[in-house]
Structures are given as C-alpha cells and as structure tokens.
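**Q** Residue strings, one per chain:
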Amino acid sequence: MHSVVCIKQVPDSAQIRVHPVTNTIMRQGVPAIINPYDLFALEEALRLKDRFGGTVTVITMGPPMAEVALRKCLSFGADDAILVSDRAFAGADTLATSYALAAAIGKIRENMPVDLIFTGKQTIDGDTAQVGPGIARRLDYQLLTYVSAIREIDHEKREILVERRAEGGVQVLKTKLPCLITMLEGTNEMRYGDMDDMFRAARHPLKQWDRLAAGIEDPNVVGLKGSPTVVGKVFAPKPRSQRAEIIETVDNDPKNLVVTLLAKVFTQHPKLEREIERLAK
Amino acid sequence: MNEPVKKPARKKVELDPRFVNYKHVWVFIEAERGVVHPVSWELLGEGRKLADALGVELAGVVMGPPGERTRQICGEAFHYGADLCYLAQDEVLRDYRNEPYTRALTELVDTYQPEIMLLGASTLGRDLAGSVATTLATGLVADCTELVIEADSRNLASTRPTFGGSLLCTIMTQRHRPQMATVRPRVMAMPDADTARSGRIVEHKLAIIESSIITKVLEFIPDAQQDKPQLAFADIIVSGGRGFKKQENFQLVWDLAKVLGAEVGASRPIVQAGWVELDRQVGQSGKTVRPKLYIAAGISGAIQHRVGMDGSDVIIAINNDPNAPIFDFAHYGIVGNAMQILPALTEAFRAQIALARRAG
Amino acid sequence: MAEKFDLIVVGAGMAGNAAAYTAAKAGLKVLQIERGEYPGSKNVQGAILYADAIEKIIPDFRESAPLERHLIEQRVWVLDDDSYVGSNYRSEEFNREPYNRYTIIRAQFDRWFSEQVTKAGGLVICETTVQQLLMDGQRVVGVRTDRKNGDVFADCVILADGVNSLLAKRAGFHEELKPKDIALAVKEIHFLPQETIEARFNIGEDEGVVIEMAGKVTAGMMGTAFLYTNKESITLGIGCMLSDFKNQKITPYQLLEQMKEHPAIKPLLAGSEMKEYAAHLIPEGGYNAMPPVYGDGWMIAGDAGMFVNGIHREGSNLAMTTGQIAAQTLIDLKTAGKECSAKNLKNYRERLDQSFVMKDLKKYRHMPEVFHKNSQFFTTYPELLNRAAHTMVKVDGIDKKSKEREIRGSFVQARSLFGLLGDAFKLWRAFQAR
Ligand SMILES: Cc1cc2nc3c(=O)[nH]c(=O)nc-3n(C[C@H](O)[C@H](O)[C@H](O)COP(=O)(O)OP(=O)(O)OC[C@H]3O[C@@H](n4cnc5c(N)ncnc54)[C@H](O)[C@@H]3O)c2cc1C
Ligand SMILES: Cc1cc2nc3c(=O)[nH]c(=O)nc-3n(C[C@H](O)[C@H](O)[C@H](O)COP(=O)(O)OP(=O)(O)OC[C@H]3O[C@@H](n4cnc5c(N)ncnc54)[C@H](O)[C@@H]3O)c2cc1C
Ligand SMILES: Nc1ncnc2c1ncn2[C@@H]1O[C@H](COP(=O)(O)O)[C@@H](O)[C@H]1O
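Chains as they are written, first to last, in UniProt numbering: chain F, 1 to 281; chain H, 1 to 360; chain P, 1 to 434.
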C-alpha cells in the first residue's frame with residue numbers, strides 16, 4: 001500500500017509578532033515547525049504501513065528550507081520525501097496550492113499507484129482546511145475529512161472503513177480506495193524513530209521538483225497567477241475602543257470588589273440581571 | 001491560504017465575461033437529520049445585508065431527503081430573511097456525504113448562477129465548500145469575521161484572521177464567481193426570526209443515482225447529548241485559565257458556573273493539561289462563543305483565546321496582572337487573585353439570585 | 001548494524017560545528033550528534049561573534065552566515081542604583097569592511113554553521129542525546145545514544161557538549177565543577193522594530209552597539225551585565241558566579257528584573273516585547289580550573305574544556321578555535337596513519353599551548369581569584385565612582401579643586417589608601433601576568 005502524506009512547514013504561530021507600525025509579520029526568531037496537525041496524518045500513515053506494509057511518501061510545497069521538515073518526517077519513518085519548490089508557486093492560495101500538489105502526486109503515481117493521500121485537518125498559518133478537499137477533487141479521489149479512526153482496510157475489495165467526526169456525532173463510512181483522508185488531531189501520537197531511521201533520514205537524497213518536474217506546463221495555473229483570491233489589506237485587530245473598567249474599592253477586599261462589580265454590571269446591563277435570574281432557576 | 005503576499009493595489013480587475021450574469025446571494029442551509037445548524041441562520045442575517053447592499057435577492061439552498069421536513073426548512077429560511085429557496089430533495093442526500101452534496105451544489109450553482117455563496121465553517125461546511133470551490137475553480141475564503149460589499153467594484157470583501165489571529169486580512173475574488181466564503185458558528189449575530197415572512201421555492205430535480213456514489217454511510221453514532229457541553233450556544237460562560245495553577249483550584253470555576261447555570265469554558269493549556277474536555281476550549285482552535293456574559297478568570301487573553309470570545313456581550317476579567325492583555329478588551333476587570341475573587345463572586349451571585357427569588 | 005566513523009562529535013555548538021566542519025572538509029567520515037531539535041535550538045549566548053575565529057575556518061562566512069549587526073560602538077558603564085558613569089568608544093574604523101565583530105542569534109547562526117557541516121559531507125543527527133561514552137578498557141571507542149539501536153563507533157570522539165560536560169564527568173575525565181568556577185548567566189531577548197532600535201542607539205542599518213555593565217546591577221556579586229543590539233531585538237543579560245548566588249540568596253531572574261528597571265536601561269527597552277528567556281552556565285574558572293582535555297580516543301573542545309575568557313567575555317571564539325585545532329590534530333594523525341592514542345593526541349594540548357587560547361587564559365589566570373577575594377570591585381567602587389562623577393558634573397558654586405579633594409577623600413574613607421593602592425596593584429598584576 002502506498003500512502004502520500006502532505007505536510008507543510010509553518011511558522012510557529014505562538015511566537016509570531018506583528019510590527020506595531022507597519023503591521024507586517026516580524027519573522028526574526030520565529031521557528032519553523034511542521035504543521036502540528038500534519039503529524040497526526042503522518043503517524044496514521046505510518047501505522048497503516050506497520051499493519052499492512054507498503055510505502056509512505058511525504059510531500060510538501062514550499063521554499064527550499066522546508067527540506068528540514070521533510071527530513072524530520074523521514075526520521076519518523078517515512079520512506080521517501082519530495083519537495084515541490086519553484087518561485088512560480090509563490091503567493092498561491094488554496095486553489096493554486098491544491099493544483100500544484102495534485103499535479104505532483106499525479107507524477108508520483110506514474111511510478112507507484114497511490115492508494116491513500118493524507119493531509120492534516122488544517123494548517124496553523126493558513127487555517128483553511130481547504131487544501132485537502134481541493135486535492136481530492138482534482139484527482140477525483142473519494143474525500144474523507146475529519147477522520148478519527150481507520151477501522152479496516154480490505155485490500156482484495158479495495159475498501160476502507162473509517163470513523164469520521166461529523167456535526168453532532170460520528171459517521172461510520174465505507175468507501176473505495178483510492179481516497180484522501182484529512183486526519184483529526186489528537187487521534188494518535190507521533191513515534192520516536194530509532195538510530196537507523198536517523199541515519200536514513202540524514203542520508204536520504206531528497207527529491208526537489210520544480211514546476212515542470214511536477215508536471216505543470218502552464219505557469220498561469222499556480223502561484224499568485226493561479227489564485228482567484230487576492231489579498232488586499234493586512235491589518236492588526238482593532239483594539240477595543242475602551243479598556244476594561246477596572247473595579248476598585250478602598251480596601252480592595254474581594255467581597256467588596258465583587259459587590260461593586262455586580263452593582264455596576266447590573267445597572268449598565270439590566271437585561272443581564274433578569275437573564276441570570278432566569279438561568280439560575 | 002498561503003501567507004498573504006502584498007500586491008501593488010491593482011487597477012480595476014475585470015470580471016471574467018463567463019460570469020457577467022451571476023447574480024444574487026446564496027446561503028447554504030446546513031441540515032442534518034432534519035436539524036438546521038444555527039450557523040445557517042446567522043449567515044442568512046449576514047447575507048441579507050449583502051443582498052440589500054447589492055440590491056439583489058437572498059436565497060437559501062436547502063438539500064436533503066424527500067419529505068415534509070426538508071421543505072419546512074425553506075419556510076424557516078424565509079423567517080430568517082431569505083427571499084427564495086432552492087430546494088433539492090433526493091434520497092442520495094439523506095446523510096451528508098461529500099460526493100452527492102458536492103455534485104448537487106455544483107449543479108445548482110451552474111444552473112442558477114449566484115454571485116456570492118456563504119457556508120458555515122462547520123465540519124460539514126468546510127468539507128463541502130472546499131470541494132465545491134475547487135470544482136468551480138473559484139475563490140473561497142475560510143473563517144471570515146467580516147463580510148462587506150466594496151462600494152465601487154461591488155465585490156465581496158471578506159476579512160479573516162491570519163497567522164493565528166495576530167493579523168487580519170481582507171481577501172477578494174475579483175475575476176471569478178461565485179465569491180465563496182465560510183464563517184464560523186457564532187461569529188455573526190443571530191437575526192430575529194420574522195414568522196410573517198415568506199418566499200418562493202425553486203425546486204431542482206437532481207439526476208444522481210445512488211449506485212454512482214462510492215462512499216456509503218454505515219452508521220451514525222450520535223454524541224451522548226447529556227455530557228456534551230454546548231458552549232457555542234451558552235448564554236453564560238465561566239472560563240478559567242492557567243492562573244488557577246492546580247486542578248483542584250479549577251473547582252472554583254465549576255462552583256460559580258453551577259450557581260449561574262452557566263457552562264464552563266477554558267483556555268487551551270487547561271484542556272491540554274486534561275483538566276476539562278476538548279469541547280470546552282474557547283478560541284481559535286476551540287469554540288467561538290457569543291454568550292451574554294463571559295467571565296474569564298486567570299486567563300491572559302492571548303489572541304488565540306480572544307478570537308473565540310471577543311463577540312460576547314459582556315466580558316468580566318479577573319487577573320492578578322494589571323497588564324494582562326485580557327483587560328484590553330474585557331468590559332469589566334478586577335485585578336486580583338482569582339482564588340479569592342471567584343468564591344466571593346459565587347457568593348455574591350448566590351445572594352443576588354436568592355434576593356430576586358424572594359422579591360419575585 | 002553499528003556503523004563506524006573516523007570521528008564522532010558530540011554537540012553542535014560553536015566548538016562541535018568547528019570540529020565537525022574541519023574534519024568533514026578534510027574528507028574524514030564524520031558523525032555529529034546534537035540533542036536539541038536543531039543545532040542552536042538550545043544554545044545560549046549574548047551573542048557577540050568574533051570574526052577572526054570563524055574566518056579561519058570558513059573564510060567567506062560573511063556571504064551566507066546570518067549576522068545581525070556589526071558593532072561600531074562599545075559602551076562601558078559602571079552603574080549605581082540610579083546613575084552610571086561610562087565611556088563610549090565609537091569609530092568609523094569599525095564601519096569598514098571586513099567587519100570585526102557582529103551580534104548574532106545563536107539559534108540561527110548554529111543552524112547555518114551546521115548546514116556547512118552537512119555540505120562538507122558530515123552526517124548531522126539532531127534530537128538525539130549521547131548518554132555515555134563506549135569504552136574498551138581505557139579507550140573511548142564510540143558513543144551510546146538514547147535511541148533504539150543507538151550505539152555508534154569511531155576512532156575518535158570529540159566532546160563539544162558544552163559547559164558542565166556530563167559525558168566527561170560520567171567517564172571520569174572531569175571532576176564536578178566548582179561553583180566558584182562557573183558563572184550563571186540569564187538573558188532575555190526583547191523585540192523592537194528595527195527603526196526604533198536604530199533611532200534609540202543612534203545607529204544605521206546593520207550597525208550595532210554593545211553595552212558592557214558592571215556595578216550595582218550585580219548586587220555586590222562578582223559579575224557583569226550586557227546589552228547587545230540585534231536587527232529587530234535587544235539582548236539583555238547578566239551573569240554572576242554561581243557561588244555568589246548561593247550566598248546572596250538572590251535569583252538571577254530578580255537581578256535581571258532589577259536591571260531592567262534601572263533608569264539608564266529602562267528607556268532603551270520601552271515598548272518592547274520579551275520573547276525569550278534563557279539561563280546558562282559559563283565556565284569561568286580559567287586556566288587554573290582547566291581539566292585534562294585529551295586521552296585515549298577522545299578530545300574536549302569549547303566550554304566543555306573550560307575554554308572561556310571570562311574577563312573579555314570571549315567564549316565562542318575559543319570554542320571554535322579549540323574545535324578546529326582538535327579536528328586538525330586528528331586529520332594529521334589520520335594522514336600520517338597514526339592511531340588516536342593519548343600519546344598521539346597529546347599533540348592537541350601542545351597546539352593549544354601555542355595558540356592565543358592558552359596564552360590568553362594563562363595571562364588572566366589570577367583574575368578570578370582577585371575578584372573573588374575583593375568584593376569592593378562590585379560594591380563600593382561603583383557607588384564611589386558614580387558619586388564622584390555626580391560631584392564633578394553638578395554645578396553648585398564649589399570650586400573644582402575642592403571637589404577633587406572631596407572625591408579622593410571619599411575613596412580613601414571607604415577603603416584605606418593602602419587598600420586602594422593594593423587593589424590597583426592586584427588588578428594590574430592580574431592583567432599583566434604572562
Ligand atoms: C495554533 C494555536 C492555537 C491556539 N488555540 C488556542 C485556543 O483555541 N484557545 C486558547 O485559549 N488558546 C489557544 N492557544 C494558546 C494561546 O496562545 C495561549 O497560550 C493560551 O490562551 C494561554 O492560556 P492562559 O491564558 O490560560 O495561560 P497564561 O497565558 O499562562 O495566562 C495565565 C494568566 O493567569 C494570570 N494569573 C496567574 N495567577 C493568577 C491568580 N492567582 N489569579 C488571577 N490571575 C492569575 C496571569 O497573570 C496570566 O495572565 C493557541 C495557540 C496556538 C499556537
Ligand atoms: C549569556 C551568555 C553570553 C555569552 N556571550 C558571549 C559572547 O558575547 N561572545 C562569545 O564569544 N561568547 C559568549 N558566551 C560564551 C559562549 O556562548 C560559549 O563559550 C560557546 O557557546 C561555547 O560553545 P560550545 O560549542 O563549547 O558549547 P555550546 O554552544 O553550549 O554547545 C554544546 C552543544 O552540545 C549539545 N549537547 C550537550 N550535551 C549533549 C549530549 N549528551 N548529546 C548530544 N548533544 C549534546 C548541546 O545541545 C549544545 O548544542 C556567552 C555565554 C553565555 C551563557
Ligand atoms: N504547501 C503545502 N504543502 C503540502 N501540504 C499542504 C500545503 N498546504 C496545505 N497542505 C496540506 O493541507 C492541509 C490543510 O491545509 P490548509 O488548507 O492550509 O488549512 C494541511 O494540514 C496539509 O496537510
């Protein structure tokens with residue numbers, strides 16, 4: 001069985017700062033990490049390999065420095081890694097991203113059929129959850145989003161049985177391979193590779209594909225040019241016009257503080273007082 | 001979405017001639033097993049404003065199995081502001097599945113040609129929106145927090161958080177139609193229902209046969225209703241953060257919530273520490289909430305938390321650090337130790353409620 | 001399947017990278033093991049990079065290394081509670097290429113340095129901790145890591161695992177470090193927009209300033225503080241001897257907090273966002289505290305071998321130079337077909353003795369002691385100096401001559417004239433000692 005896992009290298013958004021004047025991202029010192037949601041996808045693919053054998057290929061579209069992320073995936077146990085990188089891809093929105101990734105996966109398929117594609121639930125920088133569905137559509141793979149468990153795979157019949165988190169419950173779905181799975185977070189835990197994996201990862205010759213190598217003839221379908229959405233203004237969230245009204249009393253005794261607070265809140269929001277009485281019943 | 005690349009403000013971009021006849025604003029009405037996701041009504045409220053700004057009609061798109069209930073949903077959509085509904089009833093649409101829904105919605109768009117289409121950013125909406133937008137090769141903007149019509153171009157300007165909420169960006173789809181956007185539940189206000197309103201129904205016959213659909217739903221296991229917190233629709237939420245330091249102390253949050261009949265929420269570190277379940281996480285990677293009262297105790301107010309609760313009517317913050325960012329956007333603040341303030345607050349509410357009871 | 005290498009380098013800091021790069025470049029089969037997520041992820045330094053040492057290893061480093069600002073101005077401040085006296089030295093000379101000193105961010109610099117190791121053919125493995133040295137009798141034959149199938153073998157192991165080398169200790173090559181031989185330093189990185197930094201420090205793009213500080217900031221302990229400008233951030237730190245922290249019952253963090261409140265420093269940081277806090281040890285025992293640095297099948301480079309010049313705040317350059325010399329020693333042995341016995345590796349120590357590393361360390365070998373025994377350098381003197389400056393500067397109708405007399409008087413009062421002369425002499429001796 002051959003799984004392709006799509007991963008993305010993202011800036012650790014917990015450490016991002018915004019320039020107070022120009023409203024641009026200050027990148028200095030912000031480490032790049034593998035999109036945390038993608039690790040659940042990779043681990044799931046590795047578990048399938050443990051169960052059924054086969055191959056796991058990781059792929060990313062990104063700048064050359066994304067190589068680090070791919071090597072890390074190799075050290076977890078992936079067999080092969082492909083960096084799809086070209087200046088022409090810069091500024092891609094989800095539609096153009098899914099185009100490039102689908103094309104590259106199409107190339108991978110020429111050498112070895114792809115039974116499963118895995119993506120993360122979403123990225124922490126783009127946060128759209130659109131790239132996975134986009135790839136599935138372009139390759140005409142069945143799409144299974146928010147998968148929380150893979151129950152069974154029947155190789156003879158080429159069937160797969162999964163649990164999918166839906167609104168208000170869990171769907172148990174059966175479909176045919178090939179399909180694309182976006183993996184839900186918290187469903188597994190990434191493994192710690194052994195020393196041989198580390199050696200293999202460090203020595204593995206990474207494949208780097210540019211636009212043509214990824215099988216994309218037309219430069220107008222990728223990157224900024226291939227993106228129907230256009231980013232206009234980028235700006236910082238408006239600070240609320242007023243800071244919180246800080247409640248103080250002479251003694252700042254908790255009892256007096258809260259009494260003052262409630263008096264203030266309820267005079268300014270009389271409806272809230274009735275609401276609380278209603279709910280407390 | 002890749003990171004926003006700043007482009008020089010372009011000259012007016014012409015709409016692709018294929019799309020000149022695309023008119024009207026659509027809202028996909030998300031219904032599963034006969035229950036409409038409230039985000040759809042919130043979107044009708046928002047869609048109404050857009051349609052009015054453009055001077056066009058607002059349509060709901062209702063899909064589901066044949067039967068009275070599916071048709072009824074159209075009626076509800078009119079109450080929330082739709083002028084008309086496109087109704088597709090078919091057995092293949094009984095349970096949500098990506099393939100038939102994608103095919104059906106794509107077909108509707110191709111046939112009736114809307115200029116704007118909004119969907120909820122629920123698990124269903126995100127699944128569907130991504131597939132439909134790719135099929136139509138049009139732009140889709142996820143998790144929008146603001147939607148407006150740009151006066152001169154009549155384009156939809158969708159604003160969404162980027163880089164984890166540190167920044168906002170406004171995104172437009174200039175050449176393609178429909179302009180698609182998803183919005184998370186509780187980001188937009190719920191409109192008032194006007195039961196006197198009515199509208200017309202446009203029925204659309206699909207030609208999808210079950211045997212052509214590859215994915216089958218074998219089973220649906222509903223979440224056990226009782227222990228599933230319903231944070232998104234709670235009227236009062238008491239949330240605690242890392243300021244409580246120990247799990248025992250977090251009991252103070254539960255105590256206050258109990259007196260108020262409120263839901264308990266938490267910041268991410270609390271969820272990660274396993275003190276409360278995932279469904280109680282408020283914020284960017286948790287729930288967006290919009291209660292009438294949000295009490296945040298021992299929470300710093302990081303941007304990722306803020307984006308999930310900013311829309312609350314009244315926010316009370318308790319934090320011992322006067323410089324905590326939460327005070328920048330809360331309405332009322334107490335600078336103090338949550339471990340002392342919270343019990344006092346619980347008592348004060350208890351007394352207040354008892355008093356009201358005696359009076360009433 | 002345990003692999004065998006010519007050389008295993010433990011650690012991917014300045015010393016380890018210098019060693020691994022030099023050996024790999026010469027064609028040796030090199031494995032480098034780093035426990036951090038990536039090289040530099042755990043490394044703490046001010047950080048000033050002295051171009052000379054890296055230039056000798058990678059002559060064209062300026063073309064690709066991530067450098068923050070080249071330094072054009074050095075300020076030295078002696079702080080009292082709410083004042084300071086200081087000197088500035090700024091010269092256009094420093095603005096001529098090739099620049100001599102740079103500020104760097106270790107997390108980025110180490111990563112770049114490590115990429116050069118990989119490019120030179122070295123095998124770099126991160127997120128892997130070396131737990132112990134594998135011994136065959138007295139001889140080091142490889143290392144054991146914390147991963148499954150984690151034993152790897154080599155003819156020689158260079159320990160570049162930083163201050164407080166657990167490996168050397170565990171193998172019995174080192175004794176426990178003494179608190180009086182190590183400084184504990186804490187630092188924070190404060191982010192500010194580039195233009196704000198350039199305006200506040202009166203510098204142009206890419207130009208930088210260093211402020212070295214002593215005095216009351218260390219609360220009477222032996223130590224110094226520093227402030228460096230990076231491109232979009234300011235690094236601020238303070239370090240004192242571990243033994244002093246133990247006696248004074250003040251935490252390094254408290255010191256740093258106090259320091260940030262100092263009226264001379266606070267405005268420099270105003271409006272910044274603190275993003276990184278780190279604490280690290282610096283081995284400052286100097287020449288007299290140095291452990292053995294080679295043996296059968298092993299050598300030690302960098303902080304692990306106490307190669308730090310505490311007085312001049314030099315460490316990274318000594319680390320790089322010792323790493324390079326260690327590798328060069330091995331390369332020469334290999335070329336000559338000789339084995340890595342203690343007898344042959346003695347050549348490492350001999351080369352060190354010939355280099356600036358040992359010469360400098362020897363020169364300052366009495367300094368730590370002088371400072372340990374004379375706390376007035378960190379207590380009374382800063383106060384007196386500041387008071388003196390204040391007296392001289394203030395215009396109050398008193399003639400200058402009387403002022404000078406008063407100043408001299410207060411110095412003599414605080415410490416007997418004999419004591420003052422003695423202090424000056426001791427300091428002079430320590431600096432002059434060859
Ligand atoms: C991709 C991503 C997604 C994220 N998603 C979310 C999300 O959905 N939701 C979320 O909440 N976070 C999210 N985070 C995390 C977020 O960045 C913050 O780390 C988190 O919200 C901080 O939680 P906190 O306020 O409880 O803890 P802290 O930031 O540690 O704040 C604790 C606060 O308690 C105060 N305090 C301490 N002691 C007391 C006391 N005795 N009495 C009163 N106050 C006290 C302190 O002054 C401080 O302000 C996300 C981060 C990332 C990177
Ligand atoms: C606050 C501060 C400011 C300083 N300022 C300056 C300055 O301005 N200029 C200057 O020249 N010097 C400065 N120094 C000193 C300088 O940082 C050090 O001398 C230098 O980093 C030493 O390099 P090293 O390679 O020996 O050790 P390190 O840089 O500490 O590297 C050791 C490496 O080994 C790894 N490691 C440790 N144990 C293991 C193990 N068991 N297995 C695998 N890997 C392991 C570590 O993760 C680390 O990457 C400063 C130091 C401090 C603390
Ligand atoms: N540039 C990319 N390269 C590879 N995979 C990607 C890329 N962008 C997104 N993905 C995958 O698509 C998922 C959803 O991303 P997003 O739509 O950006 O939220 C991620 O979890 C990844 O698995």
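The set of hints was computed from the structure by calculation and includes no laboratory data.
Note that the Cβ used here is the ideal one computed from N, Cα and C, for glycine as well.
A couple of the hints might just be wrong.
As the list claims (entries may be wrong) - A partial selection of chain P residues facing chain F, derived with a Cβ cut-off under 7 Å:
{"no.": "1", "residue": "L123"}
{"no.": "2", "residue": "I125"}
{"no.": "3", "residue": "K148"}
To be verified - Once the Cα atoms are required to be at most 30 Å apart in a straight line, the calculated DSS-like pairs of lysine-lysine come out as:
{"no.": "4", "chain 1": "H", "residue 1": "K23", "chain 2": "F", "residue 2": "K255"}
{"no.": "5", "chain 1": "H", "residue 1": "K23", "chain 2": "F", "residue 2": "K233"}
{"no.": "6", "chain 1": "F", "residue 1": "K264", "chain 2": "H", "residue 2": "K292"}
{"no.": "7", "chain 1": "P", "residue 1": "K246", "chain 2": "H", "residue 2": "K245"}
{"no.": "8", "chain 1": "F", "residue 1": "K238", "chain 2": "H", "residue 2": "K292"}
{"no.": "9", "chain 1": "F", "residue 1": "K255", "chain 2": "H", "residue 2": "K292"}
{"no.": "10", "chain 1": "H", "residue 1": "K23", "chain 2": "F", "residue 2": "K174"}
{"no.": "11", "chain 1": "H", "residue 1": "K246", "chain 2": "P", "residue 2": "K148"}
{"no.": "12", "chain 1": "H", "residue 1": "K49", "chain 2": "F", "residue 2": "K238"}
{"no.": "13", "chain 1": "P", "residue 1": "K343", "chain 2": "F", "residue 2": "K207"}
{"no.": "14", "chain 1": "F", "residue 1": "K233", "chain 2": "P", "residue 2": "K275"}
{"no.": "15", "chain 1": "H", "residue 1": "K245", "chain 2": "P", "residue 2": "K231"}
{"no.": "16", "chain 1": "F", "residue 1": "K238", "chain 2": "H", "residue 2": "K12"}
{"no.": "17", "chain 1": "F", "residue 1": "K225", "chain 2": "H", "residue 2": "K246"}
{"no.": "18", "chain 1": "F", "residue 1": "K49", "chain 2": "P", "residue 2": "K148"}
{"no.": "19", "chain 1": "H", "residue 1": "K205", "chain 2": "F", "residue 2": "K176"}
{"no.": "20", "chain 1": "F", "residue 1": "K238", "chain 2": "P", "residue 2": "K148"}
{"no.": "21", "chain 1": "H", "residue 1": "K258", "chain 2": "F", "residue 2": "K264"}
{"no.": "22", "chain 1": "H", "residue 1": "K246", "chain 2": "P", "residue 2": "K42"}
{"no.": "23", "chain 1": "F", "residue 1": "K207", "chain 2": "P", "residue 2": "K249"}
{"no.": "24", "chain 1": "P", "residue 1": "K275", "chain 2": "F", "residue 2": "K238"}
{"no.": "25", "chain 1": "H", "residue 1": "K49", "chain 2": "F", "residue 2": "K271"}
{"no.": "26", "chain 1": "P", "residue 1": "K119", "chain 2": "F", "residue 2": "K207"}
{"no.": "27", "chain 1": "F", "residue 1": "K107", "chain 2": "P", "residue 2": "K119"}
{"no.": "28", "chain 1": "P", "residue 1": "K343", "chain 2": "P", "residue 2": "K178"}
{"no.": "29", "chain 1": "P", "residue 1": "K231", "chain 2": "F", "residue 2": "K233"}
{"no.": "30", "chain 1": "H", "residue 1": "K245", "chain 2": "P", "residue 2": "K25"}
{"no.": "31", "chain 1": "H", "residue 1": "K292", "chain 2": "F", "residue 2": "K271"}
{"no.": "32", "chain 1": "F", "residue 1": "K207", "chain 2": "P", "residue 2": "K246"}
{"no.": "33", "chain 1": "H", "residue 1": "K245", "chain 2": "P", "residue 2": "K4"}
{"no.": "34", "chain 1": "F", "residue 1": "K174", "chain 2": "H", "residue 2": "K246"}
{"no.": "35", "chain 1": "H", "residue 1": "K258", "chain 2": "F", "residue 2": "K271"}
{"no.": "36", "chain 1": "F", "residue 1": "K238", "chain 2": "P", "residue 2": "K266"}
{"no.": "37", "chain 1": "F", "residue 1": "K233", "chain 2": "H", "residue 2": "K216"}
To be verified - Far from chain P by the CB rule (all over 12 Å, computed), these chain F residues:
{"no.": "38", "residue": "M1"}
{"no.": "39", "residue": "R17"}
{"no.": "40", "residue": "S75"}
**Q** Decide, hint by hint, whether the structure agrees.
**A** Results for each hint:
1. L123: holds (5 Å)
2. I125: I125/P check passes; min Cβ-Cβ to chain F is 5 Å, inside 7 Å.
3. K148: holds (4 Å)
4. K23/H to K255/F: This hinted pair is violated, its Cα atoms lying about 60 Å apart.
5. K23/H to K233/F: OK: K23/H and K233/F at ~26 Å, within 30 Å.
6. K264/F to K292/H: With Cα atoms ~16 Å apart, K264/F and K292/H stay inside 30 Å; holds.
7. K246/P to K245/H: holds (28 Å)
8. K238/F to K292/H: holds (21 Å)
9. K255/F to K292/H: Cα-Cα ~24 Å, so holds.
10. K23/H to K174/F: Violated - the C-alpha atoms of K174/F and K23/H are around 38 Å apart, more than 30 Å.
11. K246/H to K148/P: Violated: K246/H and K148/P sit about 36 Å apart, past 30 Å.
12. K49/H to K238/F: holds (22 Å)
13. K343/P to K207/F: violated (46 Å)
14. K233/F to K275/P: holds (27 Å)
15. K245/H to K231/P: Between K245/H and K231/P the Cα gap is close to 36 Å, so the pair fails against 30 Å, i.e. violated.
16. K238/F to K12/H: Judged against 30 Å, a Cα distance of about 28 Å means the pair holds.
17. K225/F to K246/H: violated (52 Å)
18. K49/F to K148/P: At roughly 19 Å apart (the allowed maximum being 30 Å), K148/P and K49/F satisfy the hint.
19. K205/H to K176/F: Status holds; Cα separation ~27 Å.
20. K238/F to K148/P: violated (52 Å)
21. K258/H to K264/F: Distance of about 22 Å is within 30 Å: holds.
22. K246/H to K42/P: holds (29 Å)
23. K207/F to K249/P: violated (56 Å)
24. K275/P to K238/F: Distance of about 23 Å is within 30 Å: holds.
25. K49/H to K271/F: holds (27 Å)
26. K119/P to K207/F: Between K119/P and K207/F the Cα gap is close to 16 Å, so the pair holds against 30 Å.
27. K107/F to K119/P: Holds: K107/F and K119/P sit about 29 Å apart, inside 30 Å.
28. K343/P to K178/P: holds (29 Å)
29. K231/P to K233/F: holds (26 Å)
30. K245/H to K25/P: violated (52 Å)
31. K292/H to K271/F: OK: K292/H and K271/F at ~10 Å, within 30 Å.
32. K207/F to K246/P: Status violated; Cα separation ~54 Å.
33. K245/H to K4/P: violated (49 Å)
34. K174/F to K246/H: violated (44 Å)
35. K258/H to K271/F: Holds - the C-alpha atoms of K271/F and K258/H are around 20 Å apart, at most 30 Å.
36. K238/F to K266/P: holds (28 Å)
37. K233/F to K216/H: Violated, because 43 Å separates the two Cα atoms, which is more than 30 Å.
38. M1: Non-interface label stands for M1/F: nearest chain P Cβ at 25 Å, farther than 12 Å.
39. R17: Violated: least Cβ distance 6 Å, not greater than 12 Å.
40. S75: violated (8 Å)
The earlier numbered hints that this structure contradicts are 4, 10, 11, 13, 15, 17, 20, 23, 30, 32, 33, 34, 37, 39, 40.
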